[in-house]
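With the hints as extra help, turn the sequences into a complete structure.
Going down the list, the protein sequences come from chains A and B. Residue numbers for the first sequence follow this note's numbering, so the first one is 33 and each next one is one higher. Residue numbers for the second sequence follow this note's numbering, so the first one is 596 and each next one is one higher.
Hints in this document: simulated from the structure, not taken from any laboratory. Fair warning: there could be bad hints in the mix.
Claimed, not checked - Derived DMTMM-like pairs: lysine to aspartate or glutamate, alpha-carbon spacing no greater than 20 Å straight-line:
| id | chain 1 | residue 1 | chain 2 | residue 2 |
| --- | --- | --- | --- | --- |
| 1 | A | Lys42 | B | Asp614 |
| 2 | A | Lys79 | B | Asp691 |
| 3 | A | Lys79 | B | Asp603 |
| 4 | A | Lys79 | A | Glu173 |
| 5 | A | Lys79 | B | Asp614 |
| 6 | A | Lys79 | B | Asp609 |
| 7 | A | Lys42 | A | Asp66 |
| 8 | B | Lys697 | A | Glu114 |
| 9 | A | Lys79 | B | Asp611 |
| 10 | A | Lys63 | A | Asp135 |
| 11 | B | Lys658 | B | Asp614 |
Claimed, not checked - Pair by pair, the computed Cβ-Cβ distance ranges are:
| id | chain 1 | residue 1 | chain 2 | residue 2 | range |
| --- | --- | --- | --- | --- | --- |
| 12 | A | Gly129 | B | His664 | 47 to 53 Å |
| 13 | B | Ser676 | A | Asp154 | 29 to 35 Å |
| 14 | A | Thr175 | B | Leu684 | 27 to 33 Å |
| 15 | A | Glu43 | B | Leu684 | 16 to 22 Å |
| 16 | B | Leu625 | A | Ala99 | 46 to 52 Å |
| 17 | A | Gln87 | B | Asn622 | 17 to 23 Å |
Said to hold, decoys possible - Computed footprint of chain B on chain A, listed as stretches where at least three residues anywhere in the stretch have a Cβ under 8 Å from a Cβ of chain B:
| id | segment |
| --- | --- |
| 18 | 62-75 |
| 19 | 154-167 |
We put the beta carbon where it would ideally sit given N, CA and C, even for glycine.
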Amino acid sequence: MHRTMNAQEKELLMYVAEDATYATGNQAIFKASDFIGATIVTGVETKTIFRFLPQDSSTGLEAADPAPDTFTLTHTANAHIEVMKGVASAMSNPHGGFVVIQDDLGTAYTTDGSSAGSAISDISYPPIASTGTAVSVSAVEITTVDA
Amino acid sequence: MKYLIANDTSVLADLDNTDELLMFGQNRILNVESFDDTTTRIQIQGQRDTDDNDILTLKHADKSAAATHKVERNIIDDAVSAINSDSRLGFTVLFDALNNVKLPNQVLSGSSVTED
Numbered sequence: 033m034h035r036t037m038n039a040q041e042k043e044l045l046m047y048v049a050e051d052a053t054y055a056t057g058n059q060a061i062f063k064a065s066d067f068i069g070a071t072i073v074t075g076v077e078t079k080t081i082f083r084f085l086p087q088d089s090s091t092g093l094e095a096a097d098p099a100p101d102t103f104t105l106t107h108t109a110n111a112h113i114e115v116m117k118g119v120a121s122a123m124s125n126p127h128g129g130f131v132v133i134q135d136d137l138g139t140a141y142t143t144d145g146s147s148a149g150s151a152i153s154d155i156s157y158p159p160i161a162s163t164g165t166a167v168s169v170s171a172v173e174i175t176t177v178d179a
Numbered sequence: 596m597k598y599l600i601a602n603d604t605s606v607l608a609d610l611d612n613t614d615e616l617l618m619f620g621q622n623r624i625l626n627v628e629s630f631d632d633t634t635t636r637i638q639i640q641g642q643r644d645t646d647d648n649d650i651l652t653l654k655h656a657d658k659s660a661a662a663t664h665k666v667e668r669n670i671i672d673d674a675v676s677a678i679n680s681d682s683r684l685g686f687t688v689l690f691d692a693l694n695n696v697k698l699p700n701q702v703l704s705g706s707s708v709t710e711d
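Below, the structure written as structure tokens:
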């Protein structure tokens, strides 16, 4: 497996959380320097998958068929390019930092603070260039070696 | 690190499958190669299979024709410039058939994204 460190002046960390319960395996932080690439999820108009070098080296460098760690964003239909642009802009900050890609905090606001009633993200996605349709991300799924 | 995006799909509703759209870091580029008289290819480390390669096919005018014999040299310059671009946005679109974005010497028709 060709492994190349993505040069970063300082590390940029990306946080994703699948839901408001914060169960084991439902949150993860990915490093920009581990980024491999992103594509459409095969056959799906509303999902883009971001792949990263796996933290468990037994599934990565030494594996015959490496399995990356991933997060998959569910978004407005056919907005894959705009979602990629949004995440790329966040990841490219040479000063590093911490970026919330998607934090799904439930669908109903609760006064005890356990749910904000909406998803939180530090990213502002551009509208679909050819139609002007606003782009939003509604969910995230995490696949890591420990999920 | 800046990132590169390539899309060969020209109809918005058709964006839903493999071999259509890639995003990757500048350092995932493996090489730029001459393929035939009208094709130059950029090879990238594979994403779905990291010990294989993805391919961006760049179509261009016929380099065997006297009038356009420098086109391949020029498109390699275009590609290297885009790959090394220190874009303020954090990404550079190499080509995008949906939004008619392309390298200066590229022909969008026939240009493609192939995943391994």
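(message) For each hint given before, does the structure comply? Return the numbers of the non-compliant ones in rising order.
(response) 1, 11 and 16
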